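*Asks:* Those protein sequences? They're chains A and D, same order as listed.
Its first residue numbered 1, the first sequence is counted upward by one per residue in this note's numbering.
Its first residue numbered 1001, the second sequence is counted upward by one per residue in this note's numbering.
These aren't lab readings, by the way, just hints derived from the structure by calculation.
The model shown is predicted, which means the values in this text are computed figures rather than measured ones.
You may find that some hints are simply not true.
A few chain D residues that don't get close to chain A, going by computed Cβ distances all over 12 Å [to be verified]:
#, residue
1, Lys1028
2, Thr1050
3, Tyr1098
4, Val1161
List time: in silico DSS-like cross-link candidates among lysine-lysine, alpha-carbon distance up to 30 Å [unchecked claim]:
#, chain 1, residue 1, chain 2, residue 2
5, A, Lys14, D, Lys1177
6, A, Lys252, A, Lys14
7, D, Lys1251, D, Lys1177
8, D, Lys1251, A, Lys14
Ideal Cβ placement from N, Cα and C applies to all residues, glycine included.
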Amino acid sequence: MSWPVRVVSTELRKIIAYRSDFWVNFLGQTLIQLFIARALWQSIFESNGQTEIGGFTLGQMTLYYLLAPLTMKILMGENIGFLSREIYDGGLNRYLVWPLPPLGYKLLTYLTYSGFYLLQLALLYTLGRLALDARPYELSEFLRLLAGVGYVFIAAIGYFCLMCLCEMVAFWADNTWTLGVMLRFVAAFLGGAFLPLSFFPEAARNIIEYLPFAAFISGPVNLILGRSTPAEALQSFAVMLAWLPVLGLAVKALWKKGNLQYTGVGM
Amino acid sequence: MRYLRLYLHFLRFSFSRAMEFRLDFFFKIIMDCMFYVVNLGFYKILFLTTPMLAGWSEDQTMVFVSSYLLVDALHMTVFASNMWWLPYYVNRGDLDSYLIRPVSTLFFISLRDFAANSFVNLLIALTIFVSALANLQTPYTTGQLLFYLGCILNGWLLHYVLQMIFIIPVFWTQSGKGFNDFFFSMGMAIERPDLVYRGVLRWVLTLILPFALIVSFPARLFFGPATPNLFLHLVAVTLGMWGLMLWLWRKGLRAYSSASS
Chain A
1 MSWPVRVVST ELRKIIAYRS DFWVNFLGQT LIQLFIARAL WQSIFESNGQ
51 TEIGGFTLGQ MTLYYLLAPL TMKILMGENI GFLSREIYDG GLNRYLVWPL
101 PPLGYKLLTY LTYSGFYLLQ LALLYTLGRL ALDARPYELS EFLRLLAGVG
151 YVFIAAIGYF CLMCLCEMVA FWADNTWTLG VMLRFVAAFL GGAFLPLSFF
201 PEAARNIIEY LPFAAFISGP VNLILGRSTP AEALQSFAVM LAWLPVLGLA
251 VKALWKKGNL QYTGVGM
Chain D
1001 MRYLRLYLHF LRFSFSRAME FRLDFFFKII MDCMFYVVNL GFYKILFLTT
1051 PMLAGWSEDQ TMVFVSSYLL VDALHMTVFA SNMWWLPYYV NRGDLDSYLI
1101 RPVSTLFFIS LRDFAANSFV NLLIALTIFV SALANLQTPY TTGQLLFYLG
1151 CILNGWLLHY VLQMIFIIPV FWTQSGKGFN DFFFSMGMAI ERPDLVYRGV
1201 LRWVLTLILP FALIVSFPAR LFFGPATPNL FLHLVAVTLG MWGLMLWLWR
1251 KGLRAYSSAS S
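Construct the entire structure; sequences and hints are all you get.
*Replies:* Shown next, in the form of structure tokens:
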């Protein structure tokens, strides 16, 4: 068995090792957040006496709030601390004897989590779509879902780079989890995980759509929901692709600089 | 008095520890400021689409939002760091050293670490709260304001109790991650007016997992009409949750198996 397959299989076993954690997370977190978001929007729809706000019906809004947090979860992969902990306690030393590239190994473990959550997204979205939208399920929707899943998976690589940039500050600072949390706040807000970007003022939207966050979250969500035209989806995808090499090069440069600082002993 | 003296020692140690890691200290302040900006921004944008939210105008909603920012800042300052470490103490058996001390273990593990950086954020949250109150169009008396502040403090303690209830299962599950993540995602329930919840969800969020009582009930009592039933509900559920937490804590300690947890 090649090392990437071994790494993926080990990580998958770790994910499902704590079963109570897994189910509480999967059902509790996803469903409770969805119910709360739906309750808020239901109240807004009723108090305004409208059936459509910002181009969303209540059913579509519910699907949006099912997809957006799940997309965020996929992007966040292994979550905060996946690299900074090892920098902090000297755990990076193991890569001196392991025949693996450290960042390649980290990317693979990160994407294993992302891939696992992607399955949750595909399953929950299909169930949600059938329950919340009366229209018949068409082949084009399935194809959009497949395209969206692929899009999110590539976006996860971009978000991994952003997370790495935060985590690698640990080469210089003692405690960097706060940077990961800040990134999460900014990404969720500017990416449209809290509110669809169509509700933002136009001037803000014109800037936000060129930042990576919107391309990472709103782009795939709108693609899956069929809310973006092919041209809009392609533009969003292009923005994401444009950011990937920039982020990748930044990670490479910081890794190189950080390694010169690394002492190999726990701080 | 002994506990007060002990707490003053905790404060002194916490401030000197915070000053040792200055960069971390500032990162945490910026992080909490971002949390405030995102929350205020969320409601500002929401009010571009609707004039009222669950019967509240924008100025009333901003008082509600600033109140939960205040509760969050209080929680982050006094309890949050301690709550973060408790699952690790249980999992690694480090709780032993707290159990043998001649003070209440619950007091010690809940209050030992005072977050000095969050104290700065508490001042920022307080400023946002005062500014929201200054812009409030609804008239209120000093007595009503003091009553509201009392209810907010009750909400802060209820927040602590609820987090403890979510952490204590670590005595049986060995990992606190799932429940902890669940607690943080429930945070969204605190950040919405309770009148948006209906049916089973309302029943859950006001009785079983009463996150909606932390700030939304106090805000409704403040904006009026303040019905005795609403206040009794708040008090009864808070006392019930305190009782449940203490009962679970004692059960958890009995299930604690030290280093082999």
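*Asks:* If a hint holds in the structure, say so; if it doesn't, say that too.
*Replies:* Here is what the structure says about each hint:
no. : hint                  : result
1   : Lys1028               : violated (5 Å)
2   : Thr1050               : violated (5 Å)
3   : Tyr1098               : holds (23 Å)
4   : Val1161               : holds (19 Å)
5   : A/Lys14 - D/Lys1177   : holds (13 Å)
6   : A/Lys252 - A/Lys14    : holds (28 Å)
7   : D/Lys1251 - D/Lys1177 : holds (20 Å)
8   : D/Lys1251 - A/Lys14   : holds (29 Å)
Hints 1 and 2 from the earlier list are contradicted by this structure; the remaining hints agree with it.
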